[in-house]
Every structure is written in C-alpha cells, then in structure tokens.
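2 protein chains.
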Amino acid sequence: MSLKTGESSSNIEDLTIGNLTAHVIQMSTKGEDSRVKYLTAKLIQHLHDFVRDVELQTDEWEVAWQFLTRIGQTCTPERQEFVLLSDVLGVSALVDAINSKQTSGATESSVLGPFFSDTAKVFENGESITSNSIAGEPMLIRGAVLDTAGKPIPRALVDIWETDGNGFYDMQDVEYNEPDCRGKFFTDTSGKFYLKGVKPVDYPIPNDGPVGEILQLFNRDWYRPAHVHYMIMHPEYEKLVTAVYSRESKYIIEDPVFGTKKSLVVDFVWTQDEALAKTYGISPIERIMGSEKSRGFWLLERDFVLVSKKSKGGRKINDTVV
Amino acid sequence: MSLKTGESSSNIEDLTIGNLTAHVIQMSTKGEDSRVKYLTAKLIQHLHDFVRDVELQTDEWEVAWQFLTRIGQTCTPERQEFVLLSDVLGVSALVDAINSKQTSGATESSVLGPFFSDTAKVFENGESITSNSIAGEPMLIRGAVLDTAGKPIPRALVDIWETDGNGFYDMQDVEYNEPDCRGKFFTDTSGKFYLKGVKPVDYPIPNDGPVGEILQLFNRDWYRPAHVHYMIMHPEYEKLVTAVYSRESKYIIEDPVFGTKKSLVVDFVWTQDEALAKTYGISPIERIMGSEKSRGFWLLERDFVLVSKKSKGGRKINDTVV
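Just so you know, the protein sequences line up as chains A and B, in that order.
With the first letter of the first sequence counted as 1, position 63 gets the number 63 in UniProt numbering; the numbers rise by one all the way through.
With the first letter of the second sequence counted as 1, position 37 gets the number 37 in UniProt numbering; the numbers rise by one all the way through.
Because the hints were derived from the structure by calculation, they are not lab data.
Backbone N, C-alpha and C fix where the C-beta goes; we use that ideal spot for every residue, glycine too.
What you were told as hints is all true, and nothing was included just to trick you.
When the alpha-carbon atoms are kept at most 25 Å apart in a straight line, the in silico DSS-like pairs for lysine-lysine are as follows:
no., chain 1, residue 1, chain 2, residue 2
1, B, K192, B, K121
2, A, K42, B, K42
3, B, K250, A, K30
4, A, K309, A, K151
5, A, K250, B, K30
Stretch by stretch, here's where chain B covers chain A in the computed footprint (C-beta under 8 Å, at least three residues):
no., region
6, 31-42
7, 206-219
Could you build the full structure based on these sequences and the hints that come with them?
So this is what it looks like as structure tokens:
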C-alpha cells in the first residue's frame, strides 16, 4: 500500500451561506409531528436570517452562547431568568397578546412574570396572605369573578401574589422557606373573594444577573409599576392570567416587561372606613396623606370576567411546512 | 375620602401585536454602542417575527424556556450544550461561513465544536498526545503550515484535538482529570509539525442531554464523521479553526453539525512503511485489512495554508439601526 495525502475531492456538496439553511431545515423536519416540524423549520429560518442579516461575528456568537449559558445557570427553583429574559425582550407580552385574542367584555390578560409559584397555600376568604413580620401597609383585596353576561362564578380558584411593602417577593428573600404574600382562594356562592394583603410597591426586576447586565447595556429602567398578580381558574372557563397596576406609579408607561394595559390600571384607594375595617378584621395604621395624619388602610377592589370554554371557537394553528 | 374602584382609563397606549415590537426596540436601543444597538434591534425584530409568524402558543413558549433552562444547566466546564445546540441548528456553521470569506488558496475553516479545551499541554514535535491506556490504533499526524505563496511558517502554534478509538473526547470520561488526545505543537524552522495520536472514529455527539432530545424529535442522526480538529495560530496570520474528515465515513454527507467541506475530506492511510515507523518511533500493530492480516499504522498527512493579517482588508460591520 502506498501513501496518499489528503486534499482530494469528494462527492459532497459544500454548504454555503446560501444553501445551508435549506439543508438544515430538510434534515431537521423528518419527524412525525407536523406542528413540531413547522416550528422547527420556521425557527431555523428566522434564526439563520438574523445571523445572516447582521453578519454575526465570531466573537459576538461567543458572547451570545456564554450569555445564554449564564442565563440558564442563574435559574433556580426560585428564580426563572429565562422567563425574565423573555419578559424584558417583549416576547412574553407578545405571546400573551397572540394567545389572548380579546373576547368582548372579558378581563384582559397580562404577563405571568418570573415570580409565580405553585407553592401558595389555600386560604379561606377573609384570611391574610401575609405573615406577621412582613413589611407593608395593610390592604384589603376584594372582587368578584363573573362570566361575560355578568353572572357570578362560584368556586373559581383565585391565585394571588404580590410583593411586600419593600418590593420583594417571598422567594427573593435569602431566608425564604414559607410562601408569603401569595395565596389561593375560592370564590363564594356569590362569586366573591376577599383577603388581607399589603399594598405592593414599585420594585426593580432582578438586576443582579445576566438580564440585569443587558438592561444596563440597553440603558433601560428596571422598575415595574406596583401591581397584584391574579391567576383565575375554573373548569368551565378559560384560565385568566392577569395583574392590576397602580395608577400612581411613574413606571406605568415604561414597564420593563411590557405587562401594563389601560384596562388593568387601578387605584389603590386609601380609606378611613372603620366599619369596613371591622367587617374584614383589618387593623388600620396611621400615615401621612398629603400633609395630614390619617388613620386607615388601603383597598383594592376589582372584578374579573372570564370567558366560557364553550364560547371560544377552536383556532386552527398553522403546521404547514413551507 | 371615598372609595374608588378600578377599571378607569389611563393615558397609556396599549401595546398590541402590531405596535409592541417597535416599542420594545425603541426602549432597548438607548445605549451608546451602535453595533450593540443594531444587534439588539435586529434580534428583537427577528425574534418577534418568529413568534408572530408561528403564532407561538403559551404552552409552546413554556416548553421553550424550560428547554433553554435545561440546556444552560447541562453546561459544565467540560460540556458546552449551548454550542452543541448552535452546532445542530446549523448556526455555528453559518457563523463560520460568514466569518471566513474564503481567501484563494487558504485552507477552509470548520466548526470549533463543543470539545475544544485550552487545557492542552505543549509538546515537542514527535511526541505522543495520547496516554498509554488510551483506546485506538496508532496514527502519525504530520503536515506543514504555509502562507498563501507556499512559504513555510515557522513557530506557528498548532493545537490539535481528537477522539480516542472509542469515539470519546477526554472530557467525556467521568474519570477525566488529565488532558488526553489533545496537544499544542509549534512548527519547526521548515514550518512542519508531527506527532503521534490515534485514528479517530465516527462518534455520536452527546445525546444524553436536551440537544439529544431534539435530535430524537427531529428524527436526525447524531454520528459525526471521524475527524481531527486543528486550531492554528501565529501573530502575523489570521487564526484558522478547522478539522479534517475521514473520506471513509458514511456520515460525511449528513454531518449533524454541518462541519464537513469537500476540501477538508482526507484519507487516513494505512501504511506498512517500517522506515517511517522507525523515524517517528511508532509501534506498528497487526490488524485485518481487507481479508488479510497486515502489520502497520495509520498516517494523516495534511498541510494548512494561513492568510496573512496584512492581506486581509478591514471589513465594515453594519451598525445602522433601521
């Protein structure tokens, strides 16, 4: 046998900037599921279009995968940095908009955010979702869950979560071990729910991780307007994930996660109504309102309208590979 | 003070499927660096286009961020699952194609792959990069590093890495603690390098992680054709990241990471040349070739041509936000 050196030809066709995308798509769409094939083809097409469009440089590609790795490694059971990235890039809001084509009269949805947790306990109406040591001013949260005809929906599950008065969710506390400022309630026979919480405040989205770095790079604000999250479920109705936002916040227009909507802006109302305090077992506090001392508590009153599953027509999702 | 309920109007403009993208781009391009602003605007545009185009469903979005989280959490100092994802989606090959606009006569580049490691030790020419216990048939690897005029380049750093005879890189071994089957060499005064390694074999890219799941979903092969990686550097020349691929492999056309190129296909040649074995201190082995016993070893001979930094004109990278 004799020596042979390399550099000889072969019958493979070289992949180029022009033909690579079609080849990768062809090789990646040999599975069974037509929706998966459709998503895969579109993902590869858009991803390659981006890379080609910007002529992505090797060092930029390296920064990208190192960044995504750090995003993944920042995630813990208590912190979802990829959802946060999706939030600040407006992807979560876009997915929300696409999936919640509005039914007339129904409450609009909002982004889930990275602080939802299924650890919330079930409470009885009227109970407090905050522990004794929590910071914040007392707030009565109440409302009704209704159908689009205005009929109350009893036994709807209302899952509520909010920051404490310092702007932190329970899971952000290093000493966190018990759910706090979150709870599940069932509406009563008249469709109503009511509970004691605290007045949430504007707070920075977590900026000590990789997402914080890009917000800094983008020169973007990271304060969200004060809000209360609601996830409302009932077997006969479409799930509603939403939140209501405080009108007094200066971040209402430039929400860093693009979750605010006109119809979801509410007033957290200061009230001195002693009878109401008594009815719900609230302990009023003293604070300065304007320039005067005032004794009272906050009230957040808001109803939610769900869409019946029956009324929602099935929507055809595209799955044709083009 | 009186009670007020929510649901009143505000002066914010609602974000919709139609206007959200422009708003997110506007908010994310307030930084200083024009290339960063350009990349950010394009990334948001393409990402949103994809989501809108496929009408991404909420459960699909959830699968996506859970998947990306697992990719990030599969990464270790020895395993780069995001690079592997980039590889199998053809992004690495595309970035390679964009960044290596071919200079006539120069060796073509190939993907870096997820198994490069800077831990490789520096060897003298002629030394072996494999430990005594490594599986595989002996292979002499030699060649020269040249400029585009054919002139040898002395003192070029040639960083070489390959699988063992079982198709594994050192870092894939659970008992890994020392670099193996990888080493750095400097070309001699005549631009030559030579070393002892093993004949690499076809091997599966790591398929026990999230990337393996999508290859399964896509019904795609995960075997790469046997190859040897080279990274060649010299202060006066452009860095070359490439690999040479075995012509005898049946995976040469459908390489799962799209790294093969016609000009990078080589023959690993079986030789019985005893003088050559003696010169390089190779211990021949006995194996079946065709139907006969044969005593010899493998030879991989391949030269590499680098492009001078002087000859490469500066390329304008786009940074105009449109």
